[in-house]
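With the hints as a guide, bring the two chains together.
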Amino acid sequence: MKHLFFFAATLLFLTVFLSCDNTDGNEDPPGKYEHGGFVVNEGTFGSGNASVSFIDFDNDTIHNEIFYAENQRPVGDVLQSVYIHNDIAYLVVNESDKVEVASVSDFREETTVTGLDGPRYMTASGDKGYISQWGEGGSVAVVDLATHQVIKTIPAGTGPEGILTIGHTVWVANGGGWTVDSTLMIIDTATDEVIDTLSVGYNPKEMVTDSRGDVWVLCYGHIVYNADWSVAAEFGSKLVKISAEDLLPVQEIPIGKSLHPQHLDIDKPQHTLYVGGGFGFNGIYKIHTSVTSFPASPIVNGFFYGFNVHTANREIFACEAPDFTKPGKIHVFSEDGIKITEYTAGIGPNAVVFTF
Amino acid sequence: MALTLWLSLQSLAHVSLKDTVIRLDDIEIKTSRLNNFGLGIAVDRVDSRLLRMNSTLSLSGLFFSHSGISMKQYGPGGLSTLSIRGGNAAHTAVLWNGINIQSPMNGMSNLSVFPSFLIDNISVQRGGSGSLYGSGAVGGVIHISDIGRFHQQNNVTCMAGYGSFNKQDYIFSAKTGDNTYAFTMKFYIQSTDNDFAYRNTTRIGNPMEKQTNAGMRSYGFIPGLQVRTSKKSILSISTLYQKFSKDIQTMMTNILPNQDNQADVNLILTANWKYVDSKYTFLVKSGVVRNRIVLTDKSLPNPEDEPIADNTGNSMINEVESRFVIQEGHILNIGLNFTHESGESMGYLNKAIRDRMAIFSSWKILNIISGLETVLSFRQEYEKHSNHPVTYSLGTDYHLTDHILIKGNISKNYRIPSFNDLYWKPDTYARGNPSLNPESGYSAEIGSVQVLETETGEMEFSQTLYKNTMNDLILWLPDNKGIWYPENKEKAETSGLELKGKGEWQFKKVKFDVTAFYTLIHSTLTSSDAYNNKPVIYVPRHKAMASVACHYKDLSVDFTFNHNSKRYYDHSHTLPEYSIGDLTVQYKFPVKGNRLNASFRIGNLWNTEYQTIAWYAMPLRSYQLALKIQINTKYP
Chain A
1 MKHLFFFAAT LLFLTVFLSC DNTDGNEDPP GKYEHGGFVV NEGTFGSGNA
51 SVSFIDFDND TIHNEIFYAE NQRPVGDVLQ SVYIHNDIAY LVVNESDKVE
101 VASVSDFREE TTVTGLDGPR YMTASGDKGY ISQWGEGGSV AVVDLATHQV
151 IKTIPAGTGP EGILTIGHTV WVANGGGWTV DSTLMIIDTA TDEVIDTLSV
201 GYNPKEMVTD SRGDVWVLCY GHIVYNADWS VAAEFGSKLV KISAEDLLPV
251 QEIPIGKSLH PQHLDIDKPQ HTLYVGGGFG FNGIYKIHTS VTSFPASPIV
301 NGFFYGFNVH TANREIFACE APDFTKPGKI HVFSEDGIKI TEYTAGIGPN
351 AVVFTF
Chain B
1001 MALTLWLSLQ SLAHVSLKDT VIRLDDIEIK TSRLNNFGLG IAVDRVDSRL
1051 LRMNSTLSLS GLFFSHSGIS MKQYGPGGLS TLSIRGGNAA HTAVLWNGIN
1101 IQSPMNGMSN LSVFPSFLID NISVQRGGSG SLYGSGAVGG VIHISDIGRF
1151 HQQNNVTCMA GYGSFNKQDY IFSAKTGDNT YAFTMKFYIQ STDNDFAYRN
1201 TTRIGNPMEK QTNAGMRSYG FIPGLQVRTS KKSILSISTL YQKFSKDIQT
1251 MMTNILPNQD NQADVNLILT ANWKYVDSKY TFLVKSGVVR NRIVLTDKSL
1301 PNPEDEPIAD NTGNSMINEV ESRFVIQEGH ILNIGLNFTH ESGESMGYLN
1351 KAIRDRMAIF SSWKILNIIS GLETVLSFRQ EYEKHSNHPV TYSLGTDYHL
1401 TDHILIKGNI SKNYRIPSFN DLYWKPDTYA RGNPSLNPES GYSAEIGSVQ
1451 VLETETGEME FSQTLYKNTM NDLILWLPDN KGIWYPENKE KAETSGLELK
1501 GKGEWQFKKV KFDVTAFYTL IHSTLTSSDA YNNKPVIYVP RHKAMASVAC
1551 HYKDLSVDFT FNHNSKRYYD HSHTLPEYSI GDLTVQYKFP VKGNRLNASF
1601 RIGNLWNTEY QTIAWYAMPL RSYQLALKIQ INTKYP
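Note that the protein sequences, when read in sequence, are chains A and B.
For the first sequence, this note's numbering gives the first residue as 1, with consecutive numbering after it.
For the second sequence, this note's numbering gives the first residue as 1001, with consecutive numbering after it.
Here chain B stands alone, though its shape is the one from the complex (with noise of 0.2 angstroms):
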């Protein structure tokens, strides 16, 4: 089915092709729907150099120190979702090459998973935008991509990282092609002890202890493929396949080591075909994405043979997409989804299917009144047996001056219901609700970004105003008979303001990068239970994150400070506000024509004692040291 459309209008692109002739370098920035038809939405782009300089942190470990979004981590290394205007994890669609890699089963993707140096571009988008994303992009959308490989000289790398409690990285990779293929291969494999010190504050007398089972051995293969199939069109192929076995981190307040041990087996496959002119553009999206999590008892004698869980969930995404000028100022986006979804379980009584189709379009307006460009979108997604919302945003960019832009945004978001939550099987404890609906709100932002140039730099300030509301809250509480379902029950209304500062200023030698965020974050649930006017749990009401970058000749300076304040927990419990910092140097040593980098890492400078969620250590001050070796061959 999606074979033939594709063929379709495939030859319905090679009709309309014209001789134009356009760069394809940027394409994979000039053709996403985020740069085109994200009008109105606060993004911020993660700087790629920060995403080099930290190349060995997980994606988590990046997004906790460089993001300024809270993020929460059962520990280093341990299951870590983030948090957007007050969403949960399943409200913050994670995009991989534009292929939504969010599980089927739990609606969630963990980022601790993922290392840095896999990736290519990440940007974080602040807020809802279900027209363009459909289910899950409620509190905001993680984009990531690892296409970008044109760009890089042919080359072989390798790396090796050693770091405080055993963390151990080695990291290979090399990029082959001339200008009309580009060919990479990535391997890597990282493990870490984590036993680190920790105060616990559980324990009488607050001892000093060793963390335990909380260590991580992981490995995966990503070779990627790009090819220019014309001189107006390009196909990207990437995979992902890797291993991920973390033991589960003891809580401060268990006295016995925790025995258990979960085994992640990811493949992600996402193949992408786009076809530019000045007038048309076509993209067909292909993926496959599979995650197999198996939990174990360790302390058992054949742990594998009775796994305590052992869960596989299955995406498979098809999507075309095509872009017309309909007339001048005017574009208009038309596109199609199929998602096939499976899920097995030993809490399922079968294999969960799903399928979802949905048609989505965007009618982008450009200079209604001279520097507006307005963007409407609309989204409906069909499944059988159930009704989903029509979702539709409405985003304005409005260039004030050269210097000033007004943005805003208005959205119909949604989620659907897991299949856990759908299908767990009736048993003596839980039982799915196969009738939920999905949760679903609105979300509204105003901003404006100013632009100062001065002699010695450049400064970009943005402020963002935003309001989400979320109906229809799906929440598992027991029956009275003790058993667990799910329910649409809660309301949750989240307000807050964005405050962005980004400097870059040259002063003799030396060059500074700055970077300033502040969130305000005013969350609050409705519900008939002591949670009614309190905020969501684990989201701060302040954050704030600063980073500031010097760069010397082949020597950099990174530091970053993060602040969270108090978040609750459950209903009357806290966690204490806490600040930590980040340093990082890196030297480029000057070797002709490769490249030789060291850098050195320390964590937590001052040894802060926290916990993002509650009882689950995290690390005091550590250290980490990388080297990496690149050598370039020049390509024809």
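Chain A with its partners taken away, still in its complex shape (with noise of 0.2 angstroms):
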């Protein structure tokens, strides 16, 4: 009882505090985007109007533009992907070749990282960053979290996309870019060597990890085309387990000739997958870990460009970018495919990043 009563004179004493240091109308509180997840708006190539939106949980609302509101500037051209490490947000913006920081509970710049050549996603590991990046035939460049600095670039395969810290190694997806790979690369943190190669399928393109600590990629198969663009041979796409202990690929699923997903999540308790997503793929499709074979049909249908599963409550949150000239939505789902809402973003949305 005493102890309660302490703690709710604590909790008191701290609201009254907090709110007196907001008396000062100019300052925002604390927390403005900690509750909530951030939409990655690629923007329209070419035309600098990238963009970063906040869903509000606590408020159920949208928040768009918020990286221009808090620092008067744009975010650049094409916004590949954020990604949050110790409550800073990196911003990679592949068309800029930059990655603007900024801390995520108020998103005020920090600094801007150059050095970069078309980045696309971006990991940590410790003090590091490791960006994946197609420019200079494939990279990894390896960037110095407290001085921003680019210390190494790593030479990669063809197109690298996902990019995963997993214990002492970063695992990166070499995508195939405009054309073909069909690799993962294994780099060992502590020295920045790749230490190992493993063949997987054609253009691997993400990676997660589920609960047994297996690494699950998703590769997105491969079309050949003729000169004048008919089809002259489609390999399908395919989920290849690696498992972690020999990295030996242990399950193979096919998913389909010709589906082409370009996107893969996993819920929180690691079972489930979720594929799907894409530039002109339909459909979001939910896999247990333990099963065999790829479902027949989507839990979600529709058109998203891409898509995340958010980790508390396993709501899908699909984005849909009808063009890359207009505002996108993002449709918000619960696990089992049922319409809950739906957000009007800012111009190609691609990912929902969560705080939490």
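Wrong hints could be hidden among the right ones.
[What the hints assert, rightly or not] Quick look at which bits of chain B chain A covers, simulated, 3 or more residues with Cβ under 8 angstroms:
{"id": "1", "stretch": "1202-1211"}
{"id": "2", "stretch": "1244-1258"}
{"id": "3", "stretch": "1423-1432"}
{"id": "4", "stretch": "1524-1537"}
{"id": "5", "stretch": "1560-1572"}
Don't read these hints as lab results, they were simulated from the structure.
All C-beta atoms, glycine included, are put in the ideal place defined by N, C-alpha and C.
Right, dumping it as structure tokens:
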């Protein structure tokens, strides 16, 4: 009882203290962007109108253009991804060849990482960031997160995309870019050297780890065109499971010969995979890590440019980018595929990155 | 075909030849369709003195500071297009000696590539007139001509210019001739590094940066010939061959310099033959326009061997037109136009070819009531497998008094789809749509012109109110497989007001020329998305231009001011308003018989930071010095 009283008193004190701290109307309350999801809006290629939106879960609302609102300048040209690490948001801006660094809580700018070439996705390990990039024939830029300088550029395969920290290693999916690749690359974060390269299947795009620590890879497949753009050959997509222990592909789940999804996510208990989305792909499919065949029909229908599953409540946030000149929408579905709500975001949304 | 027609019509011309003597000096002005049948239309002639003072500027640079119409540029010297009355670049026809030079591939023409000194005459016509000029004449028409050679003395002229960002201009021109012929030869080399400093407002802390990859190199030959083929007829042949190499400016948002270069090779050949009589006029026009654009990535080891794009557009245009006085006060114009267009691109499966034939006619009626002139025009274009709308217009000028003119015009206008819209090959990202319809709509305007004469000078004021509608606007959007393709989708409505004032005064030894121009444009899109009810992108609501020139003895000072209100560049973002000023000082050295001019230009006087296309920086203050020597020889 006594403890409870002290707890309540402390809470009251904190509340009063914090609100006093905010009597100056110019200050934003701390944690302005702490309970929700950041929407990655690519913008129109060549127009420099990429943006970040914030879906505020507490007030069930969306705030668009938060980077511009806080910093009075644009994000840049084609925001490919946002990565959050130690309360810092890293905005990977593909065409601008840079990463904008902002604090998660108020989205104020901190610095800009340059020295990059066609950056795509980012991960971090300790005080180092790893950025996959299409430039320099495919590479991974290693960034010192204290100085924000590129300290090393590691050659990679063609068109590296998904990048994931697993223990003391960083895994890179060589997605093939405009051509083809079929490898994963593993970097030792102590030496920043490539210690292993695994062959998985055509154009691996994204990876997740499941509850057992195994790595699931989404391979997009490959389409070979003739000179007149008719299809000469088509190789379907598949999910490949790599055993964490011996780095061997232990399971393959074919998705479909003419199906080419681009995105993969996993729920919080890390038992259920979600596959789908991408340019011109219909639906989001749900597949338990224990099953061996791909479901016949998606749990959510529709053409989504990207999607993410919220780790806490397993809601699916699907990004509709009707075209790259006008605002897109974020559709929220329950884990069973029932539509809950929707928000109007910026131009070309491709992902939602949650703050918790 | 065209030749036989030409020959037969020529013999017709000789049959009706009469012995009336007319002056041929102003033949260009008197015989143009615009001057005779463009009634009720707002036209601004760009002052020839301005053309001479700013001869090292490109046409887009000249329009930017002097025309009062809105111009957008992917950085200085970059692709630049203009917008008249809310239309886009493909809605403004550009006529070079009467030949439409809009590319059949994208419907546009890039005015950055033409240096101003090539041109003798420019008129900007605001408002559509599809019935006079066919497809593309929707928002307005730019009339450019380089035929005015009989007016010039025989001369040899050399000019050299140097300015900020290592801009260099070298121009040589010569004219020779007599009463029967005039031959001109012009040659130029221009280059600039465009490595100007600007404040990068997209970067943290808004640092000053140096522009990268924005340089330009260009050269060209422009021979031309005019011959009086008889007392009443004149033949004009003009040629333009140029190479224009432009690095594609790095966007402000991008850290690494752009590596792309665009090289244009342009060839424009025009031949006009005119026969002018008091009762009968006959015109034959023939033109060949060829534009090759090669886009390369300079970072590749052999950029030319693997171009990013290699497009060649060709147009061959033949036109005959004849004018009769059918009875006192009634003038009839009848013409035929054959246009053959082709386009080759890595983006097309096959060479794209289009043949069009048009008949057009105008009937001008004078003095139904005293002071009233009316023109009724129509035009029908034919193309195999495709329907083009009949276009028509009714234009009126009414001289209320000697000093007040009332004008009105209603017209139907259209634009046919470009080859890219129609024939882009189906690939993984895009496909053309061969079943597109032409865009079409109406334009109406009413205006008045007043002339005031005072003891010290003359003033002219004009006001125009207009409204345009455009249906079936072609828009590229992705289908549900993510493949972009064009459809006739949007509607645009534009209405507005244009005010113009012009004055000339003489105070003792100082002469003043003042021009002021203001446009209010209210443009609204109707579409099924976020652009619905929004202004058309890059069209400012308000635009104002003022120019003051003072001349004292051999010294001229010209100051221009331009203001643009904010412009949308997508459904929600805008570029802020800006104002810029330019100053040109010119001094004519007193050299007997010949001419020696020096001019000094300061661009963007008060260092305005602005963009005309989002994130393409424009230079701050810049300086340019030019020297011109003209040695005249009298022709016999």
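How the hints compare with the structure:
no. : hint      : result
1   : 1202-1211 : holds (count 4)
2   : 1244-1258 : holds (count 6)
3   : 1423-1432 : holds (count 4)
4   : 1524-1537 : holds (count 3)
5   : 1560-1572 : holds (count 4)
Every hint, counting from the list given before, is met by this structure.
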